[in-house]
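Engineer: If you want the building blocks of each chain, they are given just below.
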Amino acid sequence: GIQVEQSPPDLILQEGANSTLRCNFSDSVNNLQWFHQNPWGQLINLFYIPSGTKQNGRLSATTVATERYSLLYISSSQTTDSGVYFCAVVTTGFQKLVFGTGTRLLVSP
Amino acid sequence: DGGITQSPKYLFRKEGQNVTLSCEQNLNHDAMYWYRQDPGQGLRLIYYSQIVNDFQKGDIAEGYSVSREKKESFPLTVTSAQKNPTAFYLCASIPSGPLGGTQYFGPGTRLTVL
Numbered sequence: 001g002i003q004v005e006q007s008p009p010d011l012i013l014q015e016g017a018n019s020t021l022r023c024n025f026s027d028s029v030n031n032l033q034w035f036h037q038n039p040w041g042q043l044i045n046l047f048y049i050p051s052g053t054k055q056n057g058r059l060s061a062t063t064v065a066t067e068r069y070s071l072l073y074i075s076s077s078q079t080t081d082s083g084v085y086f087c088a089v090v091t092t093g094f095q096k097l098v099f100g101t102g103t104r105l106l107v108s109p
Numbered sequence: 001d002g003g004i005t006q007s008p009k010y011l012f013r014k015e016g017q018n019v020t021l022s023c024e025q026n027l028n029h030d031a032m033y034w035y036r037q038d039p040g041q042g043l044r045l046i047y048y049s050q051i052v053n054d055f056q057k058g059d060i061a062e063g064y065s066v067s068r069e070k071k072e073s074f075p076l077t078v079t080s081a082q083k084n085p086t087a088f089y090l091c092a093s094i095p096s097g098p099l100g101g102t103q104y105f106g107p108g109t110r111l112t113v114l
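One line per chain: the protein sequences are A and B, in this order. Quick note: the first sequence uses the numbering used here, first residue 1, plus one each step. Quick note: the second sequence uses the numbering used here, first residue 1, plus one each step.
Be a bit skeptical, because a hint or two may be false.
Said to hold, decoys possible - With a straight-line cut-off of 27 Å between C-alpha atoms, the simulated DSSO-like cross-links for lysine-lysine are: (1) B:K14 x B:K57; (2) B:K57 x A:K96; (3) A:K96 x B:K14; (4) B:K14 x B:K71; (5) B:K57 x A:K54; (6) B:K83 x B:K9; (7) A:K96 x A:K54; (8) B:K71 x B:K57; (9) B:K9 x B:K71; (10) B:K57 x B:K83; (11) B:K57 x B:K70; (12) A:K54 x B:K9; (13) B:K9 x B:K70; (14) A:K54 x B:K83; (15) B:K57 x B:K9.
Keep in mind that the hints were calculated from the coordinates and are not lab data.
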């Protein structure tokens, strides 16, 4: 099956710093989503981005489907950005999400 | 408000007992999903249902069962056959259509086997 790899696995930032999270996938996908899991476990949709670039406030994402990767940019990080960031892909054929193992982000004041 | 609700939030089970986790959505989504998350790991698919009265096994279905009698409801039963059921369980739903769209998640149920 499709493999989804995220890097780095862990990231520690000072408040105000910028960061880039990467998601590589091994096969063609119909859909790619980025999620933020907060400390209480709730998964929050950040982006639905099978291709191209989207921005939402301090966050933006770019997916290059032909090269099988996606990037999540966090600018001017805040302590509330802490948590785990997952990318998940939907393979061609049906709506099953395959998750990466996540990037654990800690933003310190 | 539209959304996905899961209950209970925390659940404790003795070994050998079956337990049922509830998942309800009022988003009018056709497809619903159950995922399991172990500490420090990503999510793995247990079961999914694309329409009422139909469901398919995911990657780790052994020891679990589901039903889909209503569009809004997709309960998950963790049976005594599940060898290591302690985990965080998340329910999700997605609009119908060939590409679906954004998948929405409930707040989760933390199951602990004593």
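Engineer: If a hint holds in the structure, say so; if it doesn't, say that too.
Structural biologist: Consistency of the hints with the structure:
no.: 1; hint: B:K14 x B:K57; result: 25 Å, holds
no.: 2; hint: B:K57 x A:K96; result: 11 Å, holds
no.: 3; hint: A:K96 x B:K14; result: 32 Å, violated
no.: 4; hint: B:K14 x B:K71; result: 31 Å, violated
no.: 5; hint: B:K57 x A:K54; result: 33 Å, violated
no.: 6; hint: B:K83 x B:K9; result: 21 Å, holds
no.: 7; hint: A:K96 x A:K54; result: 23 Å, holds
no.: 8; hint: B:K71 x B:K57; result: 18 Å, holds
no.: 9; hint: B:K9 x B:K71; result: 22 Å, holds
no.: 10; hint: B:K57 x B:K83; result: 17 Å, holds
no.: 11; hint: B:K57 x B:K70; result: 18 Å, holds
no.: 12; hint: A:K54 x B:K9; result: 33 Å, violated
no.: 13; hint: B:K9 x B:K70; result: 22 Å, holds
no.: 14; hint: A:K54 x B:K83; result: 42 Å, violated
no.: 15; hint: B:K57 x B:K9; result: 24 Å, holds
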